[in-house]
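Colleague: In case you want the letters, here they are:
2 protein chains.
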Amino acid sequence: MNGFVIKGNILYSASMGKINVFPRHFLVCENGLCRGIFAELPDKYKDLPLHDYKDQMIIPGLTDLHIHAPQFGFRGTGMDMELLDWLDHQAFPEEAKYADEDYAKKAYSIFAEALKASATTRAVIFGTRHKAATECLMDLMEDTGLVTYVGKVNMDQNAPEGLREQSAEDSAAQTVEWLEDISGKYRYTRPILTPRFIPSCSRELLEKLKGVRKTYDLPVQSHLSENPEEIELVGKLFPEASFYGDCYDRYDLFGNRPGGKFTGRTVMAHCVYSSDAEAERIRRNDVIVAHCPASNLDLASGIAPIRKYLDMGLRVGLGSDVAGGQTESIFRAMTYAVQASKMYWRLVDQSAKPLTFEEVFYMATVGGGWFFGNVGKFEEGYEFDALILNDERFPHPQELSLHQRLERFAYLGGDMSGIEAKYVAGRKVK
Amino acid sequence: MNGFVIKGNILYSASMGKINVFPRHFLVCENGLCRGIFAELPDKYKDLPLHDYKDQMIIPGLTDLHIHAPQFGFRGTGMDMELLDWLDHQAFPEEAKYADEDYAKKAYSIFAEALKASATTRAVIFGTRHKAATECLMDLMEDTGLVTYVGKVNMDQNAPEGLREQSAEDSAAQTVEWLEDISGKYRYTRPILTPRFIPSCSRELLEKLKGVRKTYDLPVQSHLSENPEEIELVGKLFPEASFYGDCYDRYDLFGNRPGGKFTGRTVMAHCVYSSDAEAERIRRNDVIVAHCPASNLDLASGIAPIRKYLDMGLRVGLGSDVAGGQTESIFRAMTYAVQASKMYWRLVDQSAKPLTFEEVFYMATVGGGWFFGNVGKFEEGYEFDALILNDERFPHPQELSLHQRLERFAYLGGDMSGIEAKYVAGRKVK
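Residue numbers (this note's numbering), protein chains in the order written: chain D, 29 to 458; chain E, 29 to 458.
Rather than coming from a laboratory, the hints here were simulated on the basis of the structure. Some hints here could point you the wrong way.
No distinction is drawn between identical chains; accordingly, a pair holds when it is met within one copy or between any pair of copies.
[Unchecked claim] Result set (DSBU-like, lysine-lysine): computed pairs, CA atoms no more than 35 angstroms apart in a straight line:
1. K381 with K72
2. K264 with K456
3. K159 with K381
4. K264 with K134
5. K213 with K46
6. K72 with K125
7. K264 with K125
8. K134 with K238
9. K134 with K82
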């Protein structure tokens, strides 16, 4: 039997808005899967190796639904621009460098190390449009032990010469080559179809990507309704679409239409300005929203109406959106999500109750975990992803409940030195 | 000659919105004061001990204009409430414990250690209403080497039995006793008059504090126009006042009226909802605004219109407002200030240009430093407060300018392990 047991103060969220707390309990992993939480260890698990994390906290791993690997090197710099300017002045010039494989290796090594050290156990990652660089990124991610989706970006218009792909044919052909190159190569690193965003993709390209998705049954990641100017531009480029998301949906790149047969899921980052019709299409097609509050603040995009989406029954997880957002910390994404929702309530709509800590914890674990299957809970049959949190660095004069300690850890969460250990799919990776 | 020289990459802000950069320059300290920045070290300083910080950054110390020491222990917990509820459920019950001197010593030791380790070199601090506990806090702060103002709180109404002082007489008498106890006791720790906020203070108490201020020429700290319900309550309690700030001004607790003779300055935390008349009074009386963006987000208070205040010529510095704000990091206060201003621009008033990184850096150094005299610049005659920032933990594949490295350090600034060394008033305290 391939397994182990860890002991400590276990917390996880089984349903939106509620955190279950199990002080000094046992957590069993067998063959990469969770076998449950026990106050007393059942006899059948008595022979498994046991590690006691004492008074430390054990929580499910956190999923980052949206992060740009090539932007990691300039995170936290040049933060005084809006999206379209920022793409032209920050993101595109840096991404163009990834044509150079040596540069890509150097930069992606830094990214992979940082993500391994972070609270993130699973991530959905943008690369650049470069095939070789993207394969390098996948090699490095595989070495981290994290489970990730990584995408070679498609972009054949509205980007600088050099970064823009030569044609829709070329973009699609490179994508197929990439998919063939990496087929069967990795255990924990998976490809994802990655049209950058609608302004970067011609109709021809979208049509070709529709074919690629059909052939390979790929998941999809992209951006949606992030910034007012961007949305206006999309409206001009695609007057035939009912709304921004409809552009993707017309090419089968937007989840599953009713009766759809794709097993690969779709994540759309931002959704700051989705209309009711767009939100309803997101729900109908079972697309997941990657809420990226740090990015939405940093690029002055606005505040996504997450309460409305939850009330409508949409799936929502969290994304760091490095480097639109300045930090890879999903703990900070959690607290930014609460803070942004409070401003939305105060400044936009007092009927939209602010998000609670319990709700954003659910989004960071179970919410985003859905993209990877049964991920984010400590329940029988879920993949075993866990973080061990050491908060000894933060002494306190009074008693704190485990719930308070977790909340405090998240709110002080810029500092990753408290991630004592990290398990992904049943393996200790840190 | 009592002095020393440090060498490194020096950055500081001489005027709002501009950061001066001096790569690998010398910075000279003599008798606690800055003697300037030099590309080549002048002969007269050649005999001073020199420490070379190599590629690290040297910036002025950061000032925290508003922090509650007794709330430090519960920072980052119970964040899902608004101000008045939060006071009743979080702040007041914890503060009541400080009647116990042992508890105060235990809790304040944790606070003092944390502040010493932080980026803060100067702070304006709320204690509780307890005289003994406040003296204990001042003893501990003196040991840190930081320069601080510390206040025994006055509150004789609208607070729970036990925390509320028995009467205006008692509150004032305790304050005078406290001032006499600590007179001449400290070199770096100074008293500040601290009426909690208008709802906690009877007219009788304010009248007595007016007398105390006159006798001792004290600086003043309090709260102003933080939350809509609070402001409504103040309106009911003081119908005779023109606006919230006028309540303080009627009792000489609001800076200096024209021709006023106080040398002790006044800081007012928050000013989220100051009317034009209130803002104009703040300006006229030379009161400084302690902008506390993390707290204003966490307690869902709103966003202070800092651009308007700057345009009107008000003085503005930054405050952590622990534990309304979750973190003592003034780097995080800086980036929250930028982020909040972007949301104000996007959601409230598109004529209010977002704050830039350069502007909030000025606020955190020169802006808040004003409260302590000539503090916050590396110019001749300024007190020598400096931070040495080590960003080696954040490798990057490309060249970054010093300006970019500083901005990135701030945006990733939840982590204080990068504060390599810290000087306050010419002494190395860390």
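Colleague: Are the hints correct? Go through all of them and say.
Modeller: Okay, the hints, checked on the actual structure:
| no. | hint | in the structure |
| --- | --- | --- |
| 1 | K381 with K72 | neither (46 angstroms within a copy, 64 angstroms between copies) |
| 2 | K264 with K456 | neither (49 angstroms within a copy, 60 angstroms between copies) |
| 3 | K159 with K381 | neither (44 angstroms within a copy, 40 angstroms between copies) |
| 4 | K264 with K134 | neither (39 angstroms within a copy, 63 angstroms between copies) |
| 5 | K213 with K46 | neither (39 angstroms within a copy, 51 angstroms between copies) |
| 6 | K72 with K125 | neither (55 angstroms within a copy, 48 angstroms between copies) |
| 7 | K264 with K125 | within (30 angstroms within a copy, 63 angstroms between copies) |
| 8 | K134 with K238 | within (33 angstroms within a copy, 64 angstroms between copies) |
| 9 | K134 with K82 | between (38 angstroms within a copy, 24 angstroms between copies) |
Going through the hint list in order, the structure does not satisfy hints 1, 2, 3, 4, 5, 6.
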